[in-house]
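Student: What follows is each chain in one-letter form.
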Amino acid sequence: MSAISTQSGAVPVILPPSGLRASLRRIGAMVRRYTYLLRSSGIRLVELIYWPFLQMLTWGFLQKYLAGTTSPLAQAAGVLIGSVLLWDILFRSKIGFSTTFIEEMWARNLGNLLTSPLRPFELVAALSVWSLIRLGVSMVPVAVAAYFIFGFNLLDLGLALIPFFAVLVLTSWSLGLLSAGVILRYGLGAEEFAWSLAFVLLPLSCVYYPVAVLPDWLQPVALALPPTHVFEGMRAILLHGTFNASELWWALALNAIYLLVGYMAFRWFLQRARINGSLLQLGE
Amino acid sequence: MDERVSNSLQPAETIPVAVKNLTKVYGTVTAVDSISFTLEPRTTVALLGGNGAGKTTTIAMLLGLVVPTSGEVRVFGADMSRDRYGVAERLNFQSPYVDLPMRLTVRQNLTVYGGLYGVANVSERIDFLAEDLQITQLLDRDTGKLSAGQKTRVGLAKALLNAPELLLLDEPTASLDPDTADWIRQKLKDYAHARGATILLASHNMAEVERLADRVIMLDAGRILEDEAPKALIETYGRETLEDVFLDVVRGRSRHAVQGKLAPADARARKIS
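Here the protein sequences line up with chains E and R, keeping their order. Taking the numbering used here, the leading residue of the first sequence gets 1, the next gets one more, and so forth. Taking the numbering used here, the leading residue of the second sequence gets 1, the next gets one more, and so forth.
Warning: the hint list may mix true and false statements.
Now the in silico label distances, taken between C-beta atoms and shown as ranges [what the hints assert, rightly or not]:
#, chain 1, residue 1, chain 2, residue 2, range
1, E, Val261, R, Asp83, 17 to 27 angstroms
2, E, Gly187, R, Glu228, 32 to 42 angstroms
3, E, Val221, R, Asp142, 46 to 56 angstroms
4, E, Val200, R, His193, 57 to 67 angstroms
5, R, Asp214, E, Val11, 50 to 60 angstroms
6, R, Asp182, E, Ser196, 45 to 55 angstroms
7, R, Asp179, E, Arg39, 34 to 44 angstroms
8, R, Asp140, E, Ala245, 45 to 55 angstroms
9, E, Glu103, R, Glu228, 37 to 47 angstroms
10, E, Trp195, R, Tyr85, 53 to 63 angstroms
Some chain E residues near chain R, calculated using beta-carbon distances under 10 angstroms [to be verified]:
#, residue
11, Ser8
12, Leu37
13, Ser41
14, Arg274
15, Leu279
From the derived model, a few chain E residues whose C-beta atoms are all more than 12 angstroms from chain R [claimed, not checked]:
#, residue
16, Ile14
17, Val46
18, Trp59
19, Phe165
20, Ala166
21, Val182
22, Phe199
23, Ala212
24, Trp217
25, Leu223
26, Ala236
27, Leu238
28, Ala265
Quick caveat, the hints were computed from the structure, so don't treat them as lab data. Built from N, CA and C at the ideal position, the CB exists for glycine as well.
Whenever a hint applies, use it, and build me the whole structure from the sequences.
Tutor: And the structure:
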């Protein structure tokens, strides 16, 4: 450490606190914080790949077995494993968002963050960016492994993969916002809610079966969920070679509504936590 | 374009803290009961009170972590319930009830918070603070592996990163050995003097308050019972230490009652016996 550098640090040079650049700087600082955390533990890195890899193996082998024994199911080559990979995009992105938020509470760091110049929307943006990065770290190796082990190429979905991915990630952020808000308000006692929320979508968004399988009265509920359109679209491409773009536009529009509702819920829970003093108790 | 426009070592012109009829009620419990006070620039004021007196809740309302039930908190003129981001970079805080992420190294934590507070010369600032607070050798260690005293110094480094004009401290020397606590107090005194900063500290450590504070606000059950300079309080109550005054106050012996019963000399004699 040089004397000059030390002396130059005697006076902090403070950048303007508002505006786009300031927001990007604070979001960048948070993403840097999450990167440091991931780098600090090799086990965390392995864990990101471990579970989706095991799931892909299980469903991949099941599909291989079914394809070899029943001829109609053999036509559905890739459907099961495709469902698993797409579901994992939603699930892992949601877990990435929620876990990263809960991490701040485990670390008793939330008080520091919420008294800093970091705005709530910047915290949400940082969590969203980080969930994407985590998703890349966990899903890219698994998708590559699916290709080499089972010959399933996710890229066979073509350009539709991009909106599929967008719909699933946006849905995961809506769920992440809701669970983060509930945890803010009710503390770590509500942690279980954060872990289990995504599973509500598993039967309703028809991951492994068509919407037509559901009872008539439940089908509108399923169709009101953006991921349902992704899984229906994936089956249409893999089984019939057709792609209905209008369904995905509909799903993206639904996403916009859910994302807005999720952010408003997060802000509402945050304000309730400030009123009830639960932010104070989080640190104690 | 050079984004660096402000140097936070410019003196503040606004009143750092103005609290008016501040009340916080949790269910049936009144944590803070209609308190009013003002902090003048470049003063160190202590919130003194026992457990549950309302010190932490008051500081949390000043930080915007808790919304008041009624009344008003203004920090540098900004209403902290609605517009805390207008002044957030001008203040900072430290509390033993809030940690820095334990798996990050000290340097990583300070770098992250430097980014959040918009410190452009963050590396130099960290080096400077590390040297000043004697934590240079800790910079590359995991924060979770530090002792309580080391964590306090690191927490203080985080609180000083942006050289805040208003520093809020909740029990800054809690669970520290006397030597480290004394060292921290001296650092705070030096900082307040050099920076011309305003400090509000919550404490139930009388020695700390006597040493640091220009003014003491004594709280009990959420109400302000006394608000004066430590020496003036000691003289008014005819006691030898602030601790004696504090005991008088929280046990309901008013200054008038104490003055009537005990002359200063009597009090001293009683103490010696």
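Student: Identify every previously stated hint that the structure contradicts and give their numbers, smallest first.
Tutor: The structure conflicts with hints 5, 10, 16, although it agrees with all the remaining ones.
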